[in-house]
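Chemist: The primary structure of each chain is shown beneath.
There are 2 protein chains.
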Amino acid sequence: MRAREVRLKSRPVGTPAPENFEIAEVEVPAPGPGAALVRNLWMSVDPYMRGRMYDRKSYVPPFQIGEALQGGAVGQVVESNDPSLKPGDLVQSMLGWREAFTAPAASLEKLPESNAPPQAYLGVLGMPGLTAYAGLLEIGQPKAGETVFVSGGAGAVGSVVAQIAKIKGCRVVASVGAEEKAQWLKSLGVDAVVNYKNGGLLAAVQAAAPNGIDVYFDNVGGEHLEVALELANPFARFVECGMISQYNNTEPAPGPRNLIYVVGKSIKMQGFIVIQFQHLRGQFLKDMTGWINEGRLKWEETVEHGVENAPAAFLKLFSGANTGKMLVKLA
Amino acid sequence: MRAREVRLKSRPVGTPAPENFEIAEVEVPAPGPGAALVRNLWMSVDPYMRGRMYDRKSYVPPFQIGEALQGGAVGQVVESNDPSLKPGDLVQSMLGWREAFTAPAASLEKLPESNAPPQAYLGVLGMPGLTAYAGLLEIGQPKAGETVFVSGGAGAVGSVVAQIAKIKGCRVVASVGAEEKAQWLKSLGVDAVVNYKNGGLLAAVQAAAPNGIDVYFDNVGGEHLEVALELANPFARFVECGMISQYNNTEPAPGPRNLIYVVGKSIKMQGFIVIQFQHLRGQFLKDMTGWINEGRLKWEETVEHGVENAPAAFLKLFSGANTGKMLVKLA
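Respectively, the protein sequence lines represent chains A and B. 17 is the number of the first residue of the first sequence in my numbering; add one for each residue after it. 17 is the number of the first residue of the second sequence in my numbering; add one for each residue after it.
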């Protein structure tokens, strides 16, 4: 079988551009013993992938130039040479950015029986959902009545954070970069939504969080982090999930001018990787499925079509073009 | 009884100066029912007092202009009108910066029976000691074999951190600003001492911590914090005790340019106030007394004499003139 894949052509300097990627067609081998051939239905693009485009030591190895990129995907088994999988099975893998692949069955995870659509396992029921759930509950430890501020509130992670914080009885303030995103979050019950593109972020968040901030879920960094430090209450928890405003910096940017509040306000600021919370996955799926079935947790998808448009989908993450989970439909 | 006290004459802008303080003589009233008159023997000057000289909301109220400053002190009861205290008793209070005072007996704490000198309860067995002990063990959670980096390593807090980390089986790297401080720490068994005044802090700490940093105990902030972020291992713990390099800033200084490592390296960075660890005081005194008696924990004092020299002693904290605990002997 022939299939197309997206390769890293060159390492981006600053904001990634289409010329950093190239499409190639390859022959997908028939599966040997213990392996399966999978056609991808959906693939995920996520901000963290920008980090893997740098050639540096990190918690995941860097992408290699000339090789296919990797990332979350769900697909359907076409041919299997392993008793654990049969044609038609839906499986999850880290072999996105390609239309099809052959891999050991042991490296594939069958999707659970569910009435959720398969691509939900790349979003609300997948890595971004667990990131939101575990980061907020384990590090943020929100208590009913506290104020939770989440930046990037309409993204795949942020929108789940906002809704779980509401379920936990918190006042929720979210920041977004577009009015339609603000409308969506308000329709979900978020108490106050601030459009950071309107300027005056500090005053706007201060007005939206009159009792100060107890939990800050950071997807953005930069000015958002400085504002959160300014408005933090004593013993606030800062869940450091991401700093998308900084990912494409060509020079290191100065940190917040008020970081000293970490001392004076006894703030806990903690980064994490979702892998450290894998042990929560059972409870996560149970809770999330329950909330979804009760109509208390909703999600949006922004969908591009075809593997050739995967780079464009990825680039759109940095201009905030997505509402909810950014996905590429491959078949 | 007449006694002198030190008052805040004006709020410092930038580095405090002698003219921000004034000495006054007051009449100390005879103790009414339930009160005692105490002559202070020793008073403490600590970097955190700089924060109380700003007129701003914080975890302790600001000092008021024209009023006596406050801080840790040990003294001897001269006259008591309460059955719990008798003349000659040694007591600890927050009524430093004065030669004598009258206060409710309930606000005074009798020093425990001990063969430690009374001023040790302002240092190694007092607030700075508990700050070091609880910050390192509760937030830093050092494990044997890990590397602990402590800035301000020859100070009242830092020198206790360094020694407890050694007792816990860690490799300890300390920074200081003078060669004689480095010699002292080496004599205590600290593995490597870096003099930050020699420049090249990053390279020096990197050479001293070839396996990276697992725990950073921050007393300094600024460049030290940036270096620690650069050299931090995944899941490092940053104990944010103080940022003395920033306390006299007249303009907010930019934060570390590499703060994004908190995300990428899953760092926990946590500020605290010693009051939150009061419940550990019994265990702290037991452990510390044991280590002192075994000769495993030592301390230094830098002593000024007379209440009129208390401002000078305080100012010397910011030029690093003290080795170990800075104290003022009052009687």
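The set of hints was computed from the structure by calculation and includes no laboratory data. There may be inaccurate statements among the hints.
Identical copies carry no separate label here, and so any pair may be met within one copy or between two of them.
Claimed, not checked - Straight-line alpha carbon distances no greater than 27 angstroms define the calculated BS3-like cross-link-like pairs of lysine-lysine that follow: (1) K159 <-> K73; (2) K159 <-> K332; (3) K314 <-> K182; (4) K284 <-> K25; (5) K213 <-> K345; (6) K73 <-> K314; (7) K284 <-> K126; (8) K281 <-> K73; (9) K213 <-> K182; (10) K102 <-> K213; (11) K281 <-> K332; (12) K302 <-> K25; (13) K102 <-> K281; (14) K302 <-> K281; (15) K25 <-> K314; (16) K102 <-> K202.
Chemist: Hint compliance check: list the failing hint numbers for this structure, sorted ascending.
Modeler: Numbers 2, 4, 5, 6, 7, 10, 12, 13, 14, 15, 16 - these are the hints that the structure violates, sorted from lowest upward.
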